[in-house]
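There are 2 protein chains.
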Amino acid sequence: MSQFWSPIVHKLDPYVPGEQPQIEDLVKLNTNENPYPPSPKVTKAIVEAVDERLRLYPDPQSKALRQCIADYYQVDMEQVFVGNGSDEVLAHIFQGLFQHDLPILFPDISYSFYPVYCGLYQIEFQTVPLAADFSIQVSDYQQANGGIIFPNPNAPTGRLLSLSDIAELLGQNQTSVVVIDEAYIDFGGESAIALVNQYPNLLVTQTLSKSRSLAGMRLGYAIGHADLIAALVRVKDSFNSYPIDSLASVAGMAAFEDESYFQKTRQQVIDSRDAMMAKMTEMGFDIIPSAANFIFVSHPEYDAMALAQYLREQGVIVRHFNRDRIAQYLRITIGDKAQNQRLLSVLSTYR
Amino acid sequence: MSQFWSPIVHKLDPYVPGEQPQIEDLVKLNTNENPYPPSPKVTKAIVEAVDERLRLYPDPQSKALRQCIADYYQVDMEQVFVGNGSDEVLAHIFQGLFQHDLPILFPDISYSFYPVYCGLYQIEFQTVPLAADFSIQVSDYQQANGGIIFPNPNAPTGRLLSLSDIAELLGQNQTSVVVIDEAYIDFGGESAIALVNQYPNLLVTQTLSKSRSLAGMRLGYAIGHADLIAALVRVKDSFNSYPIDSLASVAGMAAFEDESYFQKTRQQVIDSRDAMMAKMTEMGFDIIPSAANFIFVSHPEYDAMALAQYLREQGVIVRHFNRDRIAQYLRITIGDKAQNQRLLSVLSTYR
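Respectively, the protein sequence lines represent chains A and B. Going by the numbering used here, the first residue of the first sequence is number 125, and it counts up by one from there. Going by the numbering used here, the first residue of the second sequence is number 125, and it counts up by one from there.
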């Protein structure tokens, strides 16, 4: 606390990311990173770009990267916004598209950064409870609002909403922006990008941190109607002219160009997830059906926080959210074969 | 314009950075980039970090980089904030430290991003005219204010304010935050970082884009009292957990570690600047004394915009600001020997 702070700073309740401990031999299943490295073509492309050109500013509009993403999803470059991770993209969305008189809506169990953005930009929000099975009921969103946002699949539950449900929501809600936050969509869902040319109020965000194994490079994007993208560009150009560094841009393009690596690794994650779900179900865990690279699990006989603590003592970190409705759940990232095996063996020793 | 935009978006007047044209053989003297490449140790360090670790999120607190910068300037890590370029650092400063009832103050001729940030965060500002010789008169800032900011050396003039003048200003102004934006300080000034332990309301920002030749990597920082840094951390953690990507962090540390390369290249820029000032003075140009890696020049017989156009036709880009008081000036970045020579030859053909 300081007299020098802007008044709003005192009231902020910042987001707390999963920890990034520097411990050897840790099985790190707490931040939904991809267990597989980025494509070798990505690392090669980065290395080839590390030279004297780094003295120059990057393209402030990131046109090459945006065109690459546009081509991949068959939209126009003017429909693509890129940011320094999808968290930055979301921040600009909250400021540029969600500051209206009515409160915005999001699920009571959802990405915990959303209320933080609301605090930063003084946006009113109202949470909409998930159903008892943690599903999103689109009819619950039929109320006046300044915007709607949720992850699909939802986080931290992993549960998917179908594209037809999303289309239904959009049909009912045409006067405010609907943001589908698809950080995990590549692990089992159909992207709502297919709907952006039908609904001018639909914005879809994605990231290269999960399915494209580039959490370390910080790249996210939004796709929607050019008018929505224009708002984000105006905010970005009033905040930071050059959010995407030269190497991140090169990495992103190379990642979209190596489709076979992307398909192979995401399928491996999906297969591992399904195997883990089967095995942990056998061990008595209740698991929310997951379309993500993580599973959200509880066990009728175990206290979730105590189990998380035990796992940690055994060198396996998972994420526990000490919050209403989900305090008895753990969110566990799908690792590679060895990591998953290690988790299963540690779990088998828990009594 | 769109019904979906937050009302504030309609009113934004975004910053326009100098262009980054993709033209061969262009002499690019318009965005104050360093003519020399980053240290070979920097490019080596980056290349060594390009591997499977990119699948992991970076340290959200960027502790290693902050400690490295803290050691370099002999302050504590808690006195160092890092951001995705100093533009992002400045944005967080405006939001976190400048949103008060009183208007903030900055010079009428200054970094043109400042009023843009004010628009984004709805901060009132009042500009304080520079003296006729474009110098900052600290006595002009003796008025009630919500904060004070200016670049030192100032941009786009290049004129330096002495450390004793800054100390005088701080002595007079202890109830609001004073930000000294030292993007260009390494090219000829004394840093006000020397004063941060004396004045709890002083914040100094710097960048690795200019004197450390890393514009392409996007790294800036602020140094000041831990309470001021805490405000920036709270804003950052409410905006984007991981603004600094893994490679940028490595690049920044390597840059601070290669002191001899830094000293050599900045001295080369200083020497070139002084030589350019001498030669252009001989050609009849009036030049504001510069402590930066650019010079701000006018000529009694030439129209600045016409000259800029001529230079461009000849393959040399400089920056012209079509604004009050400075419309007859050009800001010219100091290039390497060949670039400077090319500028001089083109100028010698102008009539």
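It is worth saying that the hints were derived from the structure and are not from the lab. Treat the hints with care, as some may be off.
For chains that are exact copies, the list does not tell them apart, and a pair is met inside one copy or across any two.
[As the list claims (entries may be wrong)] Using 30 Å as the maximum straight-line C-alpha spacing, the simulated DSSO-like pairs for lysine-lysine come out as follows: (1) Lys-187 with Lys-135; (2) Lys-168 with Lys-135; (3) Lys-168 with Lys-187.
Checked against the structure, which of the hints given earlier come out wrong? 2
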